[in-house]
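2 protein chains.
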Amino acid sequence: MTTQELTQQILKKQSFLCIGLDVDIHKIPKHLLQESDPIFAFNKAIIDATHHLCVAYKPNTAFYEAYGLKGWQALEKTINYLNENHPDIFTIADAKRGDIGNTSSMYAKAFFEDLAFDSVTVAPYMGKDSVEPFLAFKNKHTILLALTSNEGAFDFQTKQVAGVELYKQVLETSKTWAHSENLMYVVGATKADYFAEIRKIIPNNFLLVPGVGAQGGKLKDVCKYGMAANVGLLVNSSRGIIYASNTANFAEAAAQKAREMQQEMSYILKHVD
Amino acid sequence: MTTQELTQQILKKQSFLCIGLDVDIHKIPKHLLQESDPIFAFNKAIIDATHHLCVAYKPNTAFYEAYGLKGWQALEKTINYLNENHPDIFTIADAKRGDIGNTSSMYAKAFFEDLAFDSVTVAPYMGKDSVEPFLAFKNKHTILLALTSNEGAFDFQTKQVAGVELYKQVLETSKTWAHSENLMYVVGATKADYFAEIRKIIPNNFLLVPGVGAQGGKLKDVCKYGMAANVGLLVNSSRGIIYASNTANFAEAAAQKAREMQQEMSYILKHVD
Chain A
1 MTTQELTQQI LKKQSFLCIG LDVDIHKIPK HLLQESDPIF AFNKAIIDAT
51 HHLCVAYKPN TAFYEAYGLK GWQALEKTIN YLNENHPDIF TIADAKRGDI
101 GNTSSMYAKA FFEDLAFDSV TVAPYMGKDS VEPFLAFKNK HTILLALTSN
151 EGAFDFQTKQ VAGVELYKQV LETSKTWAHS ENLMYVVGAT KADYFAEIRK
201 IIPNNFLLVP GVGAQGGKLK DVCKYGMAAN VGLLVNSSRG IIYASNTANF
251 AEAAAQKARE MQQEMSYILK HVD
Chain B
1 MTTQELTQQI LKKQSFLCIG LDVDIHKIPK HLLQESDPIF AFNKAIIDAT
51 HHLCVAYKPN TAFYEAYGLK GWQALEKTIN YLNENHPDIF TIADAKRGDI
101 GNTSSMYAKA FFEDLAFDSV TVAPYMGKDS VEPFLAFKNK HTILLALTSN
151 EGAFDFQTKQ VAGVELYKQV LETSKTWAHS ENLMYVVGAT KADYFAEIRK
201 IIPNNFLLVP GVGAQGGKLK DVCKYGMAAN VGLLVNSSRG IIYASNTANF
251 AEAAAQKARE MQQEMSYILK HVD
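Respectively, the protein sequence lines represent chains A and B.
Using full-length UniProt numbering, the first residue of the first sequence is number 1, and each one after it goes up by one.
Using full-length UniProt numbering, the first residue of the second sequence is number 1, and each one after it goes up by one.
It is worth saying that the hints were derived from the structure and are not from the lab.
A portion of the hints provided could be inaccurate.
For identical chains, the list gives no copy identity; a pair is met inside one copy or between any two copies.
Stated by the list, open to error - Derived BS3-like pairs (lysine-lysine); straight-line CA-CA distance at most 27 Å:
1) 218 / 70
2) 175 / 13
3) 159 / 175
4) 13 / 224
5) 138 / 257
6) 270 / 220
7) 44 / 159
8) 30 / 218
9) 30 / 109
10) 109 / 27
11) 220 / 44
12) 30 / 140
13) 224 / 159
Hey, can you work out the whole structure from these sequences and the hints?
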């Protein structure tokens, strides 16, 4: 999917919502545990109930790896289900990978070719040759960690490097890499103040924004400073949507939460400057 | 495994060699492709031929993820084979993971409990709460990326942060985290000059040193500046050993390369100050 197509989907659905499929077997409704693949059964129900309200799904690979082979099987089934039934949905493997060149190529192959995700999250610490193998894939997107939504973001990311915070160095430096047009960035919503600064460096790149739900960020603030001409925002909610209820009606409850966010987004899209 | 036991193994085997099991299906001997699980068949042959010459094995997860479910199955079989047949060998999941707290916990569970690795490599960019969930596991080891062996290391890691290089900030800051006694660090051998500086900050932590083979680092220089009282070094070689030959004799050829490194290490262990 191209970023132009992503923007079209956002305008069509009046939503820039991304739903995080972080499935914890201890939190899903108990009746699903009788299914042959409870994780996929949960994801399928969530997707069926919410696909018209969001533009992206983001499984975090940690939650699948934690269940070993069965987890990976559930991840494969989930991405296949999305690609077959909802090709207009943008898919994000939240994997936070990154390694030396030939090894990053293997990760890129795994997520872009074999699993056929549209994008993958990547950590910047190892620099250019750890990220460029991901960027080389046409119409695939590399979502680089810039400013994350956790407390630990202040350990290194906001420390000054030659007078500029590390996360800004990451933004500036990554702009110079080959195929940087395929870059998006993770920017935590708990730090809405930073969005204006970030847009000075990267006016148009899409930002994947976690932390609007459970982690406390505010949607309006994010949009005020972070929205670009192409919208340029994917706002993620995971637990706040998928665990809205753990009864038999969990999927409807999730859809209700997603609808609330979609309606707020629609209002913002119509009223933003 | 404790670090004391690791040092005992090093002294007993006169080797601090780690063999990287980075299996690329295009590089292994063709006759193995007839096996039901060529990747595991390759690893088993390499392990059978080299286990007395090394103290650690390090599968890089990228190479397994690239083959989807079959790859994860091969990874599981490899770690199970090691744990059942060679419990004295230190095992490293070279996964370079790292995420917000509850997600890092899932990764820690995946690698330490389900797969039962002794250690996992972790990226520091997201800071304290992304690493501490790994550190919480007793007698398990978190190998934090400090200074990597690739060109991209100079993009951010060696940049000055408040007058000190970022990788040194990572060393200093991580020392203050809960259960920091479970920390080891990745330090690339292509930068032997840095080892003396690093040992001023972390005199005793084990260092996992890639880049001695294919990437051009020199073993003697690494040991001169990097060796600690408890040895404190695991020197990794992947391609230089496992792809020494792609004929029917590949395992013997790998053992020969491993033996050359072990002999050099034995000499250094006997003659180091």
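Evaluated hints:
1. 218 / 70: neither (36 Å within a copy, 42 Å between copies)
2. 175 / 13: neither (30 Å within a copy, 48 Å between copies)
3. 159 / 175: both (20 Å within a copy, 17 Å between copies)
4. 13 / 224: Answer is within; shortest intra-copy Cα gap is 20 Å, inter-copy 62 Å.
5. 138 / 257: neither (34 Å within a copy, 40 Å between copies)
6. 270 / 220: within (13 Å within a copy, 66 Å between copies)
7. 44 / 159: neither (42 Å within a copy, 45 Å between copies)
8. 30 / 218: Answer is neither; intra-copy 32 Å and inter-copy 57 Å both fail.
9. 30 / 109: between (36 Å within a copy, 22 Å between copies)
10. 109 / 27: between (32 Å within a copy, 17 Å between copies)
11. 220 / 44: Neither, since 30 Å and 56 Å both go past 27 Å.
12. 30 / 140: So residue 30 and residue 140 fail the 27 Å test inside a copy (37 Å) and across (33 Å) alike.
13. 224 / 159: within (25 Å within a copy, 33 Å between copies)
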